[in-house]
Amino acid sequence: MEERQHDLVVIGAGPGGYVAAIRAAQLGLDTACIEKASALGGTCLRVGCIPSKALLEASHKYQEAVTGLKKYGVLVGEVSLDLARMMKHKDKTVTTLTRGVAGLFKKNGITGYKGLGRLAGPGVVEVDGDTPMRLKAKHILIATGSEVTSLPGIELDGDRIGTSTEALSYPEVPQHLVMIGAGVIGLELGSVWRRLGARVTVLEYQDRILPGMDAETAKLAQRMLKKQGLEFHLGARVTGARVEGDSCVVEAEGLEPIQCDLVLVAVGRKPNTEGLALEAVGLETDSRGRIAVDEHYATAVPGIYAIGDVIAGPMLAHKAEEEGIACVERIVTGYGHVNYDAIPSVVYTHPEIASVGKTEEELKEAGVAYNKGVFPFIANGRAKAVGETEGQAKILADATTDRVLGVHVIGAHAGDLIAEAAVAIEFGASSEDIARSSHAHPTLAEALKEAAFAVDDRAIHS
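Heads up, the sequence shown is in the working numbering, so the first residue is 4 and it goes up one at a time.
Note that these hints are calculated values from the structure, not bench results. Among these hints, one or two may not hold up.
Cβ pair distances, simulated, as ranges [what the hints assert, rightly or not]:
| no. | residue 1 | residue 2 | range |
| --- | --- | --- | --- |
| 1 | T98 | R7 | 28 to 36 Å |
| 2 | T152 | H340 | 54 to 62 Å |
| 3 | Y343 | T70 | 17 to 25 Å |
| 4 | G316 | R439 | 28 to 36 Å |
| 5 | E435 | T152 | 38 to 46 Å |
| 6 | L86 | E435 | 21 to 29 Å |
No residue lacks a Cβ here, since even glycine has one placed at the ideal position from N, Cα and C.
Working from the sequences, and respecting the hints, build out all of it.
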């Protein structure tokens, strides 16, 4: 087996891994990155964030052409769906971006290895691929991401009963899709197929959608998605799903068996730590399969670090990116930090749902006194002009200091609007700071300014 030496070996080329590798190379480390998949970019780029957003945008345009343009005075003839072309657009987007990551590796002098990386001892990683390699490095970074999980009683067949991966490439629009799980992934993909004509039934074990998100915002989201045609059954514990002939049958407590064409299981993800041979260096995982790290992403074994979905915290691509940069900067410069209160979260339904910082429930549980400012999109001039009046912006600020503690937006382009709130929290801004900062008129961003004014009961336009 050929042996090579590097300063840093990154296992995994997803958002956390490839970004960490690039930053390490910029800082002068001889960096290698191991990826077992045929293309770089990880789940997010290949079968997650990017392809789902391509389909969300395409399906939204289709729905607009069918039902949404007449109010603007735009009359079109008969609209038809070319699903194959829509999928081709999605695939081209993914291919372009994965090739882009490969180009960035080449530009930054990063050595890529294709295969499964596993620990073979302190400072040693073996690559099990077409060309087996033994890599030695002072620093090893585990960034292997996560994989889909299922439920007892449900056997994934990758065809009729599948996960988000299969739901990104259905060859035709199902007549009836049953979605198990009302989290981010499920609601996004359920929205895609509902727009394209499927009946979509959502089964969620908890008594609400979007668990962990601000409850008021989630309730508004459910109301809007229900208007769009998604059928919700909350508090529904799914006990089984099986294929019967040409259809599927889903069983849940308290409901009659549901017959459908396809089943999408979207109940969460689990850390992808199997196959790493953690035991070879004395590392263990917790009950959820996560690797324990300190505040600088160091494991219990000197020289071995972990970031992203394999450690505690929300499974978000941008969270992994920030951790990857902070980790390698700490290795090289001695400094590196991530403010987890300023990590935003976005659901790319229509309208979008975005949050950063604390929810009202978290503040109440912690006993933190706060003031709340809410401003509805229907009172925003730009929202009225573009016909996107559903939703609201909400700001939560400390009752004593006025420091912004949380921001929750549901409405058009909420995913873009939340960036301002993330910066505000990162720099310790007050709601008064946001309120007194000039926002261009007319823009949707003015909803945040008005919500900031509303914290002190002085919104101008409501």
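Practice task
Compare the structure with the hints numbered earlier in the document and write down the numbers of the violated ones, lowest to highest.
Solution key: 2, 3, 6
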